[in-house]
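All chains should be built: construct the whole structure from the sequences, respecting the hints.
These protein sequence lines map, in sequence, to chains A and B.
For reference, each letter of the first sequence is one residue, going 1325 to 2004 in our numbering.
For reference, each letter of the second sequence is one residue, going 6 to 319 in our numbering.
Errors might be hidden in some of the hints.
EDC-like, lysine to aspartate or glutamate: derived pairs with alpha carbons at most 20 Å apart [claimed, not checked]:
id	chain 1	residue 1	chain 2	residue 2
1	B	Lys-56	B	Glu-232
2	A	Lys-1903	B	Glu-66
3	A	Lys-1433	A	Glu-1800
4	A	Lys-1903	B	Glu-211
5	B	Lys-291	B	Glu-211
Here chain A is said to cover these stretches of chain B; the calculated rule only asks that three of the stretch's residues, wherever they fall, bring their Cβ under 8 Å from a Cβ of chain A [to be verified]:
id	segment
6	51 to 65
7	131 to 140
8	156 to 170
9	219 to 232
10	272 to 285
Bear in mind the hints are in silico, worked out from the structure with no lab data behind them.
Ideal Cβ placement from N, Cα and C applies to all residues, glycine included.
Each chain is listed here by its residues.
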Amino acid sequence: MMDPLNLAGSAIFLLLGMAVLALLLGRRQRLLVVVSFAVSAVASLSATVAGVRVVGWSTTSQAIMSIGLPDLPFHLRLDPLAGFFITVVGILSFVVSIYSIGYVREISKQRPISRLVIFYALFLAGMFMVIIADDALFFLISWELMAAASYFLVLFEDERVENRRAAFLYMVVAHVGALAILLSFGVMSGLATGFEGFHGYTFDAMRQAEFPAVWATAAFLLAFFGFAAKAGVIPLHIWLPEAHPVAPSNISALMSGVMLKTAIYGIVRVTFDLIGVFPWWWGSIVLVFGLISAVMGVLYALMQHDLKRLLAYHSVENIGIILIGIGLSMIFRSFDFPLLSSLALIAGLYHTLNHAIFKGLLFMGAGAVLHASHERNMEEMGGLIHLMPWTAALFLVGSVSIAGLPPFNGFVSEWLTFQAFLLSPSLPSPLMKLLIPLGAALLALTAALAAACFVKAFGVTFLGHWRGHHQPHVQEVDWFMRSGMIIAALLCLALGVLPTVVIDWMDTVPEQLVGSRIGTTAGAFGWMWLTPVAPERASYSGPLVFLVTLSVIVIAYLLLHVRSGSITRVPLWDCGFEKVTPRMQYTATAFAMPIRRIFGFFFHIREQVKMNPQAPHRTVPGRMQYTLRIRDRFWGWLYRPLVDASFWLSRRVGRLQQGRIQAYLIYSFVTIIVLLLFLR
Amino acid sequence: MNLYPFMTEILQIMIVLGISPAFVGWVRMLKCWSQGRTSAGLFQPYRDIRKLFAKNVVLAENASWVFRFTPYLVFGTTVLAGGIIPMLSVDLPLSATADVIVLVALFAIARFFTALAGMDIGTAFGGMGSSREMTIASLAEPAMLMAIFTLSLACRSTSLSQIVTVIFSGQIQLRPYLAFAFLAFVLISLAETGRIPVDNPATHLELTMVHEAMILEYSGRHLALIEWAGMMKLMLFMALGAVLFFPWGIDVTATAAGAVRAFLFLLLKLGASGVVLVLIETGLAKMRLFRLTEFLGSAFLLATLGMLAYYILD
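Here it is in structure tokens:
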């Protein structure tokens, strides 16, 4: 058997090679699609195998590659934490690559797709490289490769202004974030070896160094800021609902499903592994931002009627839920409760895996809808369940999973997070005992609102009648797209029904990071019972919940179908009035109206009703026009002043540019004088 | 292998299935009496269900499989919930499959699919009901979890059996946080089971319908299953409140006599909770939809106060 690191490395080389091959195959577009995505699928699968093995066996393998700058070789390392994230990225990339064969083939009928294929391969390679990097230099190079490739993917349909704007915004935020990460690594490597030596850039050196509290805090805050910008934590989420919807849907699935997870990986790597020792309030920062992101993310999602934008805001929410688990884990760890810390970490990481899969599934489903109906606005859709039965059923699986309902996977990780919350009374600080359970209430609110949001998303898109004026000819998508979604849906079910198996597998990650595993208690009753901490404390049996519900359903169905043929289909009852039209259905905006009214203070809402005074007759009312604009408050609070300030500054600086050669000569002259004065 | 817990389990599910219509009949009977009307008797709900099962299903033309699947799912999850709540004995095999968070989530999945079914036909009523139901649920669910978390913090467990055992064994005396949590639980039960002042189960008036609006298009056996599940849900919430806050009489000895005694106590407690429910329902008027924020907000506040009281006083 190959060493896991070699396996992952060869997957990366395969992807990089694929990018080169795509350049050569540019003229054979249809062949290119099949070959490149098949190769990506194989590469992703082999990376997944490597990741699964590393986590399962708890091995760590390292390597040094002397390429790059002289005397600064690249360090690679695959430990359980990296293995876990490699698995997360690998599984979803595998599924999305299969889906992409069908999806990109359709796009290739309209436009050249070489660019999409090349950057897709580079994007995947970049994500794998970020995770196996073991020094700051290689990490940042990979990080930038990932960011640049995804920038070009967002920009794929670059004839539309909004796409260019979204891509630009994404690039700006990504770079501000990358700068903060660079500075954070700079602080850590500087302290690791002093500023004389240059070998502090390896993660090993940072691991061994002991940082003074102030500098450790600075490094943590910079890293958290940088990774939070990538993960879309509120208030740094502003790019996410712009960039994710405009990318092709297979890319949205990857960006939302796994690219955000590399930021989670970064946070875990820097805090738990590189810095290692931290005070409790770092955890509270992560927890508080997680809670804000979760609640606000889902509220903003509820207000959207663009299907992909809605899903993008849900990524903000789910990143919040992941950070809640990680923040709790940090708090428990700083108070030296390794078991509780590992439980919270497992909760966060499990949600990372779950979110990757169900969000991937949902974006693939949204892509299928978009592709079939050429419509992104939910207000126009409806009744697609009759035309696209497969997509509808698979999207429903994703919706149930993300809404956190048993027996699917979203529920398991939210359940574990609740358990972690309920263990907070063992903390010594009375204030935290008091405040942390309130976080559980916010998490409950998030889960309930997410359910409401997905009733809206699924109900308005797939159920009822088509709402638009003329219904397009909609067809079910092909088998490649379907099979990608089917695998993801099955994974959602498997992760929800068999959590003990998964947790036993990933238990090596908390063992590596916090020095404790929960497996001995989690699986104490065999594979059926998930009992974190202790069986009398809490237990959940996914298989039994699934089987008992299923058997009651089957029994009830069979008992009631002894008599056959008793269903009559009739037209819809219209209360005796004129025919009910599809325009009378509840729309997405109408559905969310009560919630908009209750939580209205979170949004910037402008609602206007205009009456046209020119009525045809005084007994007939004129046309009414209703406009509703809901905006993110953060844009006005945080970003608009920043944008204004930078424009103001650039205008001021712009005055230097006179356009006259004399002025420029004077600038040069003054510069030389100043330099001569100060640097004699 | 000890078969006794399994027998109790099956017995309990049979009881939930069997007496929930009678419980609803009891509530309706009390309500009729309190309002000076003649009641249809304790057994009218059984007759209703039997009639609906015998009738043919009339389905709208564009009803999808979601619409037809929902009644079975709602029924299935409610039956499972009936097996989880320790009503007769604390030693139930199903009780370990799911703790109180799973219980809340089981009701949530039933609600999720009912709301989808409401939107499936494409009428304005269905969408209206779904929208309102999900709004109410998203406010009620956190309050519900907060109320129960107060108990689970005190009992150091989220397992229902464990909570009942701890409270029953007298380790927790009468405490202020129990009172707060109980009050919050009562308010939320009214919202979750769709009773006045949150929703009126007897109305078909478009301005006030919530649950009825979602299931307006159902008929025949589908409606029977949904109605039956609704009856079980009402009984389960009353029983949950009874066992969590007043676990007297529950069987901890695992004997047949204990089970019989527990059953009689359960009947007594259900009867009493029916009286309380009717007093609330006749005493209050249905609230406007946007007043519900205050109603559920106060439930949440009470639950939070309960949690604070637990930390401050214990």
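Hint by hint, work out which the structure violates, then give me just those numbers in ascending order.
Hint check: 10 fails alone, others pass.
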